[in-house]
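Enquirer: Chain by chain, the residues run as shown.
Number of protein chains: 2
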Amino acid sequence: MSRINAQRLMADLRSLAEFGKFGTGVDRISFSPADLEARAWLLSRMREAGLDAAIDSVGNVRGVTKNASRAVVIGSHTDSVPKGGWLDGAMGVVYGLEIARSRLESGRAARLGVDVVSFQDEEGSYFPCLGSRSFCGELTEEDLGRTRTATGESIREAIARAGYAGGAPWCLDRARHVAFLEAHIEQGPRLEAEKSRIGVVTGIVGIRRLKITSAGQADHAGTTPMTMRKDAVRPLLELGHRVHAEFPGLSSLDTVWNIGSLLIQPGAANVVPSSAEMILEWRDTSVEKLDQIEATLMSWISDLNRQPGVELTSTPIARIRPTLMAEPLQTAIEASARAERARLMRMPSGAGHDAMVVGHHLPAGMIFIPSIGGRSHDIVEDTSEEDIVLGCEVMAGVVDGLEAV
Amino acid sequence: MSRINAQRLMADLRSLAEFGKFGTGVDRISFSPADLEARAWLLSRMREAGLDAAIDSVGNVRGVTKNASRAVVIGSHTDSVPKGGWLDGAMGVVYGLEIARSRLESGRAARLGVDVVSFQDEEGSYFPCLGSRSFCGELTEEDLGRTRTATGESIREAIARAGYAGGAPWCLDRARHVAFLEAHIEQGPRLEAEKSRIGVVTGIVGIRRLKITSAGQADHAGTTPMTMRKDAVRPLLELGHRVHAEFPGLSSLDTVWNIGSLLIQPGAANVVPSSAEMILEWRDTSVEKLDQIEATLMSWISDLNRQPGVELTSTPIARIRPTLMAEPLQTAIEASARAERARLMRMPSGAGHDAMVVGHHLPAGMIFIPSIGGRSHDIVEDTSEEDIVLGCEVMAGVVDGLEAV
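Chains as they are written, first to last, in our numbering: chain A, 1072 to 1476; chain B, 1072 to 1476.
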């Protein structure tokens, strides 16, 4: 017997996708007219479900289960990247709505409530995870002054424009909130490739990003003998090759890395490069692994700097700590998936989510469901209806299991 | 006893540097007002010297020794790169003027004349070595239709604007012309580093330039496992590193190579590169060496293409044959330098010159003199007065030696 109403779940998801509809996807960046309309719609759907709903002082839409002393927070975000997909974020919010509603109907809400939330601006049009940071008390007055590059509007101005300035901030309540659950599309190809339907997220990877700058000297590439050159690109080619050749031996199967940018000055075929700049990032859920890779890189850079004519400097440009998902919640998700006879796998999340913020304040669990072709942040993003419904069933089962905790 | 008038040589060089003067250098691109004025000045100086002078149909300024049945052609170019140096090209032309003039004064001109030339547009504002190509009969009607990117003006239009359209083309005369001599600043650091004052050019290097394109697939650099990526940059890092690591073992001391350009799409730190394009060039005076390197590169590219997910293609984008300088002229330059007790070295020219064109039609010899700090194509370009005068003496000695040939 189903814990949720699959038809109602899909109908709500499809209704939500009408706001900012763009082809098969949505263009619903935070604080855009489409985003504000979607929030108003969500607010009314929460009220229709019998939740105590409001939009808070940063634009978080929250629907609290009344007459429950303890609650699981379930949600994600309803803002999108420009020309994004219909499920990224939205699905996790509608799961929360459907599970809260079903529990009110079945009478289980009194044992353990569900507080549903759509966190504001997860995608960071103004500031990534704005809403979940506010929920966790991490947002500063200074943060509210941050401006959106394209328009110059600050977060504070956007809030005022939206009419949210009068709202109370909705904050984490340690006495009430026992856990945070977020479901999300995988945004990668692993579940599909492994024919798994449920991903039990072990953690959200930490990210280290290093800019490596190489100083050389521009010279005529015809008239300057090789031994008299100071070629800024040569050591970066060596370093980049070494990264791809030796990182597999240093890393776990879940570690990923990328050399996505290498800029060369002056960039002409017949001029010895005078300077170059490479950006290298690596991600892992283990701080030890992140540290070990960084130490290895530093030793390689030192090795290179001992070669004549090599002058490399490195600057960290991003350093995001990993967020581990609560082990009991991973076990609970796994148990619920098994009860649904769903093939599952444990996996890290390589991308950021609101659970990355909330997980440092409250036990957090994340469920991934397959992305068709691994695609996301694009209007082609999609997931089969069966997988969407299954994910919600699994999460509803997890909430049932938490009643006894 | 000096064969030339050093004071007059330096005075002419300094007068010429006034045309298009730009700081300590000159901005005298071909067919610019400054270039046209410099040509008019040169024409009158040739006539004052007693030469049969004219500006030909492409703008070459030539001064022919009258009453001589055989002549050495001596010259270079008076056009410059934008904001270039005062000696690049100009020096080789004024050497010709001074040697022709001195030989007329000493009466040696009757035994062997000197035909002085300033070839048009060596630097290629419209078409590299335009003037020497015309002199050698290599210029086509189609070439005259070539346009300068910045202005859209064709060579034919520039010639008409300059008033040169009525002139006769000045062409190589096999019955009269016994050799071509060109002196030039080295444009590199080797003479200075070796404390040599005369470079005996063995040849002008051939250039091979290859564009290597790599096809990949853009993916999220956090959510796509390493084994499921098709990273366009990885194989180019491997290839580029291999080039710098293994070319020294494949090449002669004179071989040079450069990876001056590597463009990555989309070029974001967190996106797996979808495509990349590297430009690699190598230069040598030996066709065999150029071929051997190309074959090796092709085998490395084939090796890489056997790796899963690698898709490299290579396209030749430049293929310039080497030009060997005539061995007897190299010997003659060496003998003349030794007579002047000048420390000398044999060396290839890594840059192109008019001798690169003329050398395929007439025995050609080139003399390099030191560039201070190896600098050129910049207003800081300079050479000591002693080295400038010495170079002209050495060349005058070579011409004396050719009387008997």
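Keep in mind the hints are simulated off the structure, nothing from the lab.
Just so it is clear, the structure is predicted and the values come from calculations on it, not from any experiment.
Careful, some of the hints might be misleading.
All copies of an identical chain are treated as equivalent in the list; a pair is satisfied when it fits inside any one copy or across any two copies.
To be verified - List of simulated lysine-lysine pairs, BS3-like, C-alpha gap at most 25 Å:
hint, residue 1, residue 2
1, Lys1137, Lys1360
2, Lys1154, Lys1137
3, Lys1282, Lys1266
4, Lys1154, Lys1092
5, Lys1154, Lys1282
6, Lys1266, Lys1092
7, Lys1360, Lys1282
8, Lys1154, Lys1360
9, Lys1266, Lys1301
10, Lys1282, Lys1301
11, Lys1301, Lys1137
12, Lys1092, Lys1137
13, Lys1154, Lys1266
14, Lys1360, Lys1092
15, Lys1137, Lys1266
16, Lys1282, Lys1092
17, Lys1137, Lys1282
Enquirer: For each hint, tell me whether it holds in the structure or not.
Expert: Checked hints:
With identical chains, the CA atoms of Lys1137 and Lys1360 are never at most 25 Å apart, being 44 Å at best within one copy and 83 Å at best between copies. When the C-alpha separation of Lys1154 and Lys1137 is checked against a cutoff of 25 Å, the pair qualifies neither within a copy, at 37 Å, nor between copies, at 78 Å. In the homo-oligomer, the alpha carbons of Lys1282 and Lys1266 never lie at most 25 Å apart, since the shortest distance is 37 Å inside one protomer and 40 Å across protomers. In this assembly of identical chains, the alpha carbons of Lys1154 and Lys1092 lie at most 25 Å apart only when taken from the same copy (9 Å versus 55 Å across copies).
In this homomeric assembly, Lys1154 and Lys1282 never come within 25 Å of each other (Cα to Cα): the closest approach is 29 Å inside a single copy and 34 Å across copies. For the homomeric pair Lys1266 and Lys1092, neither the shortest alpha-carbon distance inside one copy (30 Å) nor that between copies (73 Å) is at most 25 Å. In this assembly of identical chains, Lys1360 and Lys1282 lie within 25 Å of each other by CA distance solely inside one copy; the values are 19 Å within and 38 Å between copies. Taking the shortest Cα distances, Lys1154 and Lys1360 never come within 25 Å of each other, neither inside one copy (35 Å) nor across copies (53 Å).
Only between protomers do Lys1266 and Lys1301 lie at most 25 Å apart by alpha-carbon distance; the minimum there is 21 Å, versus 51 Å within a single protomer. For a Cα distance limit of 25 Å, the shortest separation of Lys1282 from Lys1301 qualifies both inside one copy, at 20 Å, and across copies, at 23 Å. Taking the shortest Cα distances, Lys1301 and Lys1137 never come within 25 Å of each other, neither inside one copy (70 Å) nor across copies (51 Å). In this assembly of identical chains, the alpha carbons of Lys1092 and Lys1137 never lie at most 25 Å apart, being 33 Å within a copy and 85 Å across copies at closest.
Taking identical chains as interchangeable, the C-alpha atoms of Lys1154 and Lys1266 are never at most 25 Å apart, the minima being 28 Å within one chain and 64 Å between chains. Taking the closest pair of Cα atoms, Lys1360 and Lys1092 never come within 25 Å of each other, the shortest separation being 42 Å inside a single copy and 61 Å across copies. For the homomeric pair Lys1137 and Lys1266, neither the shortest alpha-carbon distance inside one copy (40 Å) nor that between copies (91 Å) is at most 25 Å. When the C-alpha separation of Lys1282 and Lys1092 is checked against a cutoff of 25 Å, the pair qualifies neither within a copy, at 38 Å, nor between copies, at 42 Å.
For a Cα distance limit of 25 Å, the shortest separation of Lys1137 from Lys1282 qualifies neither inside one copy, at 50 Å, nor across copies, at 67 Å.
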